[in-house]
Amino acid sequence: MIGFPLIVDLFFIWFPAAATVFLSFTTWSGIGGLKAIHADGVQNYVQAATNYPPFWPAVRHNVLWLAVFLIIATPLGILFAVVLDRNIRGSRIYQSILFLPVMLSLALIGIIWELIYAPQYGLLNSLLGRNGQSNFIDWLGNPKLNLWAVLAEASWRQVGYVMVLYLAGLKAVDPTLREAALVDGATAWQTFWRVVFPVLRPINVVILVVTVIESLRAFDIVYITNGGQNGLELLSVLITKNIVGQQSRIGFGSALGVVLLVISLVPIITFLVQQLRQEQRR
Amino acid sequence: MTTLSSALARSVPATDKRAKPRVTPARVGAHVFLTTAAVLWLAPILWAFYTSLRSYNETAKYGYLSLPHHLTFENFRNAFTQANMLHFFWNSVLVTVPAVVITLFLASCVAFVLTRFSFWFNIPLLIIFTAGNLLPPQTLITPLYRIYLTVHLPTFISSNGLLYNSYAGLIVINASFQLGFCVFVLSNYMKSIPIDITEAALLDGASVWTRFWNLTLPLCRPALAALATLLTTWIYNDFFWAITLISSGDKRPITSALANLQGQYFINQNLLAAGALITAVPTLVVYILLQKQFIAGLSLGSSKG
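First to last, the protein sequences are chains A and B.
According to the working numbering, the stretch in the first sequence is residues 1 to 282, in order.
According to the working numbering, the stretch in the second sequence is residues 1 to 305, in order.
Worth double-checking, as some hints may not be accurate.
[Stated by the list, open to error] Here are the in silico distance ranges between beta carbons for each label pair:
(1) A:D174 <-> B:I157: 49 to 55 Å
(2) B:I193 <-> A:V8: 24 to 30 Å
(3) A:T50 <-> B:L284: 45 to 51 Å
[Said to hold, decoys possible] For the chain B half of the interface with chain A, some residues (derived, Cβ under 7 Å), not all of them:
(4) A30
(5) W41
(6) W47
(7) L134
(8) L140
(9) Q269
(10) S302
Read the hints as simulated data drawn from the structure, not as lab findings.
Glycine residues also receive a C-beta, built at the ideal position from the N, C-alpha and C atoms.
Given these sequences and hints, build the entire structure.
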């Protein structure tokens, strides 16, 4: 009962993950079978860092993506959850509306927002009166602006996601804790930060993990917007570009994959440590 | 005036059994905040919908930001037929349905073993499955792409004889990738079911399979329903696996076929909007009918852990 699923998981998930690490120290064009794989030391990493122009922009964009999620999208989602949890009339309707983008695919989100950002027909420029032939703002084309424009799209979805997760956590908080805080004369602000937030430690970790993982996985939106170039480079896109097509550089693409893998191990391990701790407490 | 309104507000709870909150500046502020947010959140979707309802000629003449002269579903009809959407929808069904069923079945098996037997390897296994689901897909894609080009399948499963560019390949990777999350959720759920039930059955001589299929799974129905909703939406919405592991455009499920649509209609925004919104229909159906299930699935994954 457990053998087959385990084999599937090991073969299609963990074996490729390990192979990414192995291949990153080799050169291989994919032609000539496994015999054509040559050991190459850390050359791929050196090359990525020194001789591959999109690498550092991609790293910077991934970091910025994470920063925007951590500083804006996730706190905003938590704020919505906290406000909605206060027994507000119509909170179901608000919740449903804010949650709607979570249902849509990221590719679709990219297209919907193109209708807003389009230089001459888009909603935003039309509202700003900047939709003329010469004075338009090219939100998605200008490499100084487009990452921010795309981050607005991604946050639009992330906020609703965080809100729902947090709301579930808040509902599970023992109401007597809050009543006790109220009796002791705590303000709503104090009650949240001193009582509710600490109790929600497990869910806070989950939210943190989700935030980091989602920002590392970011791919669909930039891919559908312009293929992930000209200001929208991300590690995930660079990896994909190096494996598909005629001139695939498998070792090099793997090295980029390892960079992403190493970063993603941080939230993964954080999450596992918390899970194991809870397991032991039971 | 103030006393009257506060008196009214106070008298409300008497008529309504649920205590209605009093009107305070904080509550008014919360409503203003939430209403503003709701309008901002809906705007992109409503704008896409509005654009899709207008004819190209009209928007070309008056601009997109103008009052409607004539609203029509023409764009939806054109996009649906011209882009051959029925075909791409069918591709999505071919991938999503088997992937969801397989994932849930395999995950229930694993969760059952992990929670009903105590082996030394239970915790390491749970870690393997859970962590696997958290890896960004891009960290696997390079070797996976090669594996897909190497693994041969019988031609009745894949017309080109490879995992690459086949529905089977897409089903397999979606199922493997989602397996971890489902194992995690289901094993947490099964832990909350009293073990006495299956132990009693064990004394009665029930086989492992009976205990699993006839006793445990029916009790997991709420979790399975929630996960099915979640998985259907996620796999339907998958873009990355389909873009990288399916090469021919006509084999792609509808979400990844959006990229074709975009190339096809980049000058006609009205048609693009209509086409894009059509792809959202299945997820909107889930949203309207099964939102509770969907949210329950998400919360099972986050708070029961």
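Each hint tested on the structure:
| no. | hint | verdict |
| --- | --- | --- |
| 1 | A:D174 <-> B:I157: 49 to 55 Å | 53 Å, holds |
| 2 | B:I193 <-> A:V8: 24 to 30 Å | 25 Å, holds |
| 3 | A:T50 <-> B:L284: 45 to 51 Å | 48 Å, holds |
| 4 | A30 | 5 Å, holds |
| 5 | W41 | 5 Å, holds |
| 6 | W47 | 5 Å, holds |
| 7 | L134 | 5 Å, holds |
| 8 | L140 | 4 Å, holds |
| 9 | Q269 | 6 Å, holds |
| 10 | S302 | 5 Å, holds |
This entry satisfies every hint, going by the numbered hints stated previously.
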